[in-house]
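The residues making up each chain are set out below.
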Amino acid sequence: DTGVSQNPRHKITKRGQNVTFRCDPISEHNRLYWYRQTLGQGPEFLTYFQNEAQLEKSRLLSDRFSAERPKGSFSTLEIQRTEQGDSAMYLCASSLSLQTYEQYFGPGTRLTVT
Amino acid sequence: GENVEQHPSTLSVQEGDSAVIKCTYSDSASNYFPWYKQELGKGPQLIIDIRSNVGEKKDQRIAVTLNKTAKHFSLHITETQPEDSAVYFCAASMGWREQAGTALIFGKGTTLSVSS
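Chains A and B are the protein sequences, given in the same order.
Residue numbers 250 to 363, in the numbering used here, belong to the letters of the first sequence in order.
Residue numbers -18 to 97, in the numbering used here, belong to the letters of the second sequence in order.
Excised from the complex, chain A in its bound form (with noise of 0.2 Å):
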């Protein structure tokens, strides 16, 4: 068990650039969150996969945001013509059930839009 990892850890982009990121949950955990963090603040509930499906998504994720998660495994979050106010700290946290309550988080993603 290795835990949650992301990549990239870092992302310097152009304003209006597409950015993809990455999330590999721990080993059999079949529930997926992601969540947004910005200086200062804790993190923010963006949306949540149960294997394959995407049962959930907050007000935050606006039509620009995506998210998948192919075959239950890794996820994907991608930001599509980036703005200032995406600059933050996107995390992944991953579960195991929905028996286990306990969530995990990845070191995260830093994401700085110039």
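By construction, these hints were calculated from the structure, which means they are not laboratory data.
It is possible that part of the hints are untrue.
[Claimed, not checked] For lysine to aspartate or glutamate, the following EDC-like pairs were computed, each having C-alpha atoms within a straight-line distance of at most 20 Å:
1) B:K23 with A:D273
2) B:K23 with A:E351
3) B:K38 with A:E351
4) B:K18 with A:E293
5) B:K39 with A:E351
6) B:K18 with A:E351
7) A:K306 with B:D8
8) B:K89 with A:E293
9) B:K23 with A:E293
[Said to hold, decoys possible] Taking beta-carbon pairs under 10 Å as the criterion, some of the chain B residues facing chain A (in silico):
10) V(-15)
11) Q(-13)
12) Q26
13) D30
14) T83
15) G88
16) K89
[Unchecked claim] Looking from chain B toward chain A, a few residues come up when the C-beta cut is under 10 Å (computed):
17) Y13
18) Q19
19) P25
20) C71
21) A72
22) G90
From the three backbone atoms N, C-alpha and C, an ideal C-beta is built for every residue, glycine too.
Place chain B on chain A using the hints.
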């Protein structure tokens, strides 16, 4: 909407002292309350959690208490050490949004500094 208030925002203690961080939640349907420790440049690390059917839980130097009636829960760290210095976040599950699994609402964090 749902909200989690966390106090204090900063806390400075001497090594060996106790530290207490308090949170209040608004969603009466919340039933899971974890605490996370976040060090600079790292993701949040789960340190202890409590479910709504339990009033107190302890793990070595850390303990969490829950008052469902008052919608309060607190983190207690005893015999603090310099390595306890970090940002601590409380969180509550989005109880009313069944489709959200156990998606969490976080407080704004408490920066704990332990000086030796």
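The hints, checked one at a time:
For the hint pairing K23 of chain B with D273 of chain A, the CA-to-CA distance comes to about 16 Å; that is within 20 Å, so the pair holds. Using a Cα cut-off of 20 Å, the hinted pair K23 of chain B and E351 of chain A holds, with the two alpha carbons roughly 18 Å apart. Annotation: proposed proximity of K38 of chain B to E351 of chain A holds, straight-line Cα distance about 15 Å (limit 20 Å). Between K18 of chain B and E293 of chain A the CA atoms are separated by roughly 16 Å; this keeps the pair inside 20 Å, and the hint holds.
Between the alpha carbons of K39 of chain B and E351 of chain A the distance comes to roughly 16 Å, so the proposed pair stays at or under 20 Å and holds. Straight-line distance between C-alpha atoms of K18 of chain B and E351 of chain A comes to about 14 Å, which keeps the hinted pair within the 20 Å bound. Straight-line distance between C-alpha atoms of K306 of chain A and D8 of chain B comes to about 19 Å, which keeps the hinted pair within the 20 Å bound. Using a Cα cut-off of 20 Å, the hinted pair K89 of chain B and E293 of chain A holds, with the two alpha carbons roughly 10 Å apart.
For the suggested pair K23 of chain B and E293 of chain A, the alpha carbons sit about 16 Å apart, so the restraint of at most 20 Å is met. The beta carbon of V(-15) of chain B is positioned within 10 Å of a beta carbon in chain A (closest approach about 8 Å), and the interface hint is therefore held. Look at Q(-13) of chain B: its Cβ gets to within about 8 Å of chain A, closer than 10 Å, so that hint holds up. The beta carbon of Q26 of chain B is positioned within 10 Å of a beta carbon in chain A (closest approach about 7 Å), and the interface hint is therefore held.
Of the supplied interface hints, the one on D30 of chain B holds, with its beta-carbon coming within about 7 Å of a beta-carbon of chain A, less than 10 Å. Taking 10 Å as the C-beta cut-off, the interface hint given for T83 of chain B holds, the closest approach to chain A being about 5 Å. The beta carbon of G88 of chain B is positioned within 10 Å of a beta carbon in chain A (closest approach about 6 Å), and the interface hint is therefore held. The interface hint given for K89 of chain B holds, since its Cβ lies 5 Å from the closest Cβ of chain A, which is under the 10 Å cut-off.
Taking 10 Å as the C-beta contact cut-off toward chain A, the hint placing Y13 of chain B at the interface holds, the least distance being around 5 Å. Annotation: Q19 of chain B was flagged as interfacial toward chain A, and the flag holds, the nearest CB pair being 9 Å apart, inside 10 Å. Taking 10 Å as the C-beta contact cut-off toward chain A, the hint placing P25 of chain B at the interface holds, the least distance being around 5 Å. Below 10 Å, beta-carbon pairs count as interface contacts, and C71 of chain B has one with chain A at about 8 Å; its hint therefore holds.
The criterion of a C-beta within 10 Å of any C-beta in chain A is met by A72 of chain B, whose closest approach is roughly 7 Å, and the hint holds. The criterion of a C-beta within 10 Å of any C-beta in chain A is met by G90 of chain B, whose closest approach is roughly 6 Å, and the hint holds.
Checked against the numbered hints above, the structure violates none of them.
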